[in-house]
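Undergrad: So the chains spell out like this:
There are 4 protein chains.
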Amino acid sequence: MFTGETKIRVRYGETDKMGYCYYGNYPEYFEAARSDVFRNSGCSYRELEEMGYIMPVISLTVNYKKPAHYDDLLTIKVYVKKRPEIKMHFEYETYNEAGELLNTGTTTLCFVNTKTGRPSLPPQRFQDILDKYFD
Amino acid sequence: MFTGETKIRVRYGETDKMGYCYYGNYPEYFEAARSDVFRNSGCSYRELEEMGYIMPVISLTVNYKKPAHYDDLLTIKVYVKKRPEIKMHFEYETYNEAGELLNTGTTTLCFVNTKTGRPSLPPQRFQDILDKYFD
Amino acid sequence: MFTGETKIRVRYGETDKMGYCYYGNYPEYFEAARSDVFRNSGCSYRELEEMGYIMPVISLTVNYKKPAHYDDLLTIKVYVKKRPEIKMHFEYETYNEAGELLNTGTTTLCFVNTKTGRPSLPPQRFQDILDKYFD
Amino acid sequence: MFTGETKIRVRYGETDKMGYCYYGNYPEYFEAARSDVFRNSGCSYRELEEMGYIMPVISLTVNYKKPAHYDDLLTIKVYVKKRPEIKMHFEYETYNEAGELLNTGTTTLCFVNTKTGRPSLPPQRFQDILDKYFD
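Sequence order for the protein chains is P, X, L and H.
Residue numbering for the first sequence follows the working numbering, beginning at 2 and increasing consecutively.
Residue numbering for the second sequence follows the working numbering, beginning at 2 and increasing consecutively.
Residue numbering for the third sequence follows the working numbering, beginning at 2 and increasing consecutively.
Residue numbering for the fourth sequence follows the working numbering, beginning at 2 and increasing consecutively.
Keep in mind that the hints are not guaranteed to be accurate.
Which copy is meant is left open, so a pair is good if it fits within one copy or across any two.
What the hints assert, rightly or not - For lysine to any residue, the following SDA-like pairs were computed, each having C-alpha atoms within a straight-line distance of at most 20 Å:
1. LYS133 / VAL113
2. LYS66 / GLU29
3. LYS67 / ILE87
4. LYS8 / THR76
5. LYS8 / ALA33
6. LYS67 / VAL113
7. LYS82 / ALA99
8. LYS66 / ASN114
9. LYS8 / SER45
10. LYS8 / GLU29
11. LYS67 / TYR54
12. LYS67 / SER121
13. LYS78 / SER60
14. LYS82 / THR109
15. LYS66 / LYS78
16. LYS116 / PRO68
17. LYS83 / ASP72
18. LYS133 / GLU94
19. LYS67 / LYS116
20. LYS67 / CYS111
21. LYS66 / GLY118
22. LYS67 / ILE55
23. LYS8 / LEU49
24. LYS83 / ILE130
25. LYS66 / LEU131
26. LYS78 / ARG10
These are computed hints drawn from the structure, not numbers from a lab.
The shape of chain P in the complex, shown without the other chains (with noise of 0.2 Å):
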């Protein structure tokens, strides 16, 4: 299993007048965190794209279930439990500073060779990373 976790708090200009972390933040905290865990890898998402790859974002989902508010310090788990192929598949959870998980999500990717501008298999240099968490 590809995994991890970052710690992101939650901006003044991310809460709404409802006085909560707007929901429409959570795609982009979720992409910080993957990025996160790309980087962790050995492999940065930055040197992917450098290696001529981009990774659009085929599908997202969140389930809310409490709010974050204001200057809340989120951590944000990643899991990929599959080998990705064509396509990479995350999970994330969303939790709070006491513990509470306030929501879950998915959103599943896709590796594009910038040169063919086609779905392709990740670089080599990926791929060996990725030996070594998946059997």
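With chain P held as given, fit chains X, L and H onto it using these hints.
TA: Okay, now just chains X, L and H, sitting in the frame of chain P:
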């Protein structure tokens, strides 16, 4: 059926370095679209809040088919196919100017009475409006 | 003078827990407004980029007088009072539906030729358009 | 002097199609930075609000020198050089990991007592903290 559509032009700051409209903008676009549908029904979401109701989002899904680009004038179509009770379920379709379907999405929201802090049926005034749309 | 105006409705996610439109949204509103002014002139900013020019922002100021609220339909007025050379200076005024002036702002942008990566005069096609607005 | 710094990593969704961190993100970055300075002083902005004060922004300036890019880890330095009375003036400097100064900015905020709705001196508890920083 409770339905409508809204036009949204993709802002420069809403693009990302891939040159696409960032995937995380669509929840906000969907919210703008459902906000227009409420306003056009004769009971704006702002008025709902003034009557003592808020509508937190419980779930979100988006399926991305094609990207939007800077300056694209998008049409977001909104459908509420089932009469809302405590929950209100919205479906969305995003089209570009060429009429291509870029993505589809759903959100489920919950009416919450701010006096009790608890889920609730919508206020009578909005119920009366719903009578026009649903048998 | 090169001028115009655009309408922007404040989105729910653009409010903050004070109940106001977050101060950090106005740079994006200003960008949407100047984008409309370009488009209406007959040379959209998108076309400028396709001709090989980008316009990074060099400076920004905003003076906030009154807040905007959720669902307010704002009018952003844009003024370019001096014929742009390498730099283009914009002034903005934001009004609410009651005609109250909410804030004023300025941005200075620079034409950059993407081939050379260097500041540059705008392309001839845009110069010809400017001839209509400035002596 | 009341001062501090904060680290912010540029998110993918914060880039634009030029490949730069969008100019409109910096007001939010500055807010995150001043929020950290308050928290580190022993009186968080959240606590100020709980004591019945809000701090709307009155003015903003940013001077952009160089762009930031995706995944850059920025350092935002914050300086309050003059003891705040009704207004509090912040200066900002944004640096990238190479130590290059990317931009400078300022914001002026105003203490508002939410009971009266009027500008006000900050609460005594925050005054006591300021005593440590200013003669």
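Undergrad: For each hint, tell me whether it holds in the structure or not.
TA: Here's how the hints hold up against the structure:
1. LYS133 / VAL113: Neither way: LYS133 and VAL113 sit 23 Å apart in one copy and 45 Å across, limit 20 Å.
2. LYS66 / GLU29: Both, since 18 Å and 19 Å are each at most 20 Å.
3. LYS67 / ILE87: between (34 Å within a copy, 17 Å between copies)
4. LYS8 / THR76: both (5 Å within a copy, 17 Å between copies)
5. LYS8 / ALA33: Both: 9 Å inside a chain and 14 Å across chains, each within 20 Å.
6. LYS67 / VAL113: between (35 Å within a copy, 13 Å between copies)
7. LYS82 / ALA99: neither (26 Å within a copy, 36 Å between copies)
8. LYS66 / ASN114: between (37 Å within a copy, 17 Å between copies)
9. LYS8 / SER45: both (17 Å within a copy, 19 Å between copies)
10. LYS8 / GLU29: Cα proximity of LYS8 and GLU29: in one copy and across copies (13 Å, 18 Å).
11. LYS67 / TYR54: between (36 Å within a copy, 17 Å between copies)
12. LYS67 / SER121: Answer is between: at 17 Å across copies they meet the 20 Å cutoff, but 38 Å inside does not.
13. LYS78 / SER60: both (18 Å within a copy, 19 Å between copies)
14. LYS82 / THR109: within (12 Å within a copy, 27 Å between copies)
15. LYS66 / LYS78: For LYS66 and LYS78, only the intra-copy Cα distance (16 Å) is at most 20 Å; the inter-copy one is 27 Å.
16. LYS116 / PRO68: Cα proximity of LYS116 and PRO68: across copies only (18 Å, versus 42 Å in one copy).
17. LYS83 / ASP72: Neither: 34 Å inside a copy, 26 Å across copies.
18. LYS133 / GLU94: Cα proximity of LYS133 and GLU94: none, with 23 Å in one copy and 40 Å across.
19. LYS67 / LYS116: Only across copies: LYS67 and LYS116 sit 18 Å apart there, 43 Å inside one copy, limit 20 Å.
20. LYS67 / CYS111: For LYS67 and CYS111, only the inter-copy Cα distance (13 Å) is at most 20 Å; the intra-copy one is 30 Å.
21. LYS66 / GLY118: Between copies only: 15 Å across chains, 38 Å inside a chain, cut-off 20 Å.
22. LYS67 / ILE55: between (33 Å within a copy, 14 Å between copies)
23. LYS8 / LEU49: Neither, since 23 Å and 24 Å both go past 20 Å.
24. LYS83 / ILE130: Only inside one copy: LYS83 and ILE130 sit 14 Å apart there, 48 Å across copies, limit 20 Å.
25. LYS66 / LEU131: neither (32 Å within a copy, 27 Å between copies)
26. LYS78 / ARG10: both (14 Å within a copy, 18 Å between copies)
Hint check: violations occur at hints 1, 7, 17, 18, 23 and 25; the rest are consistent with the structure.
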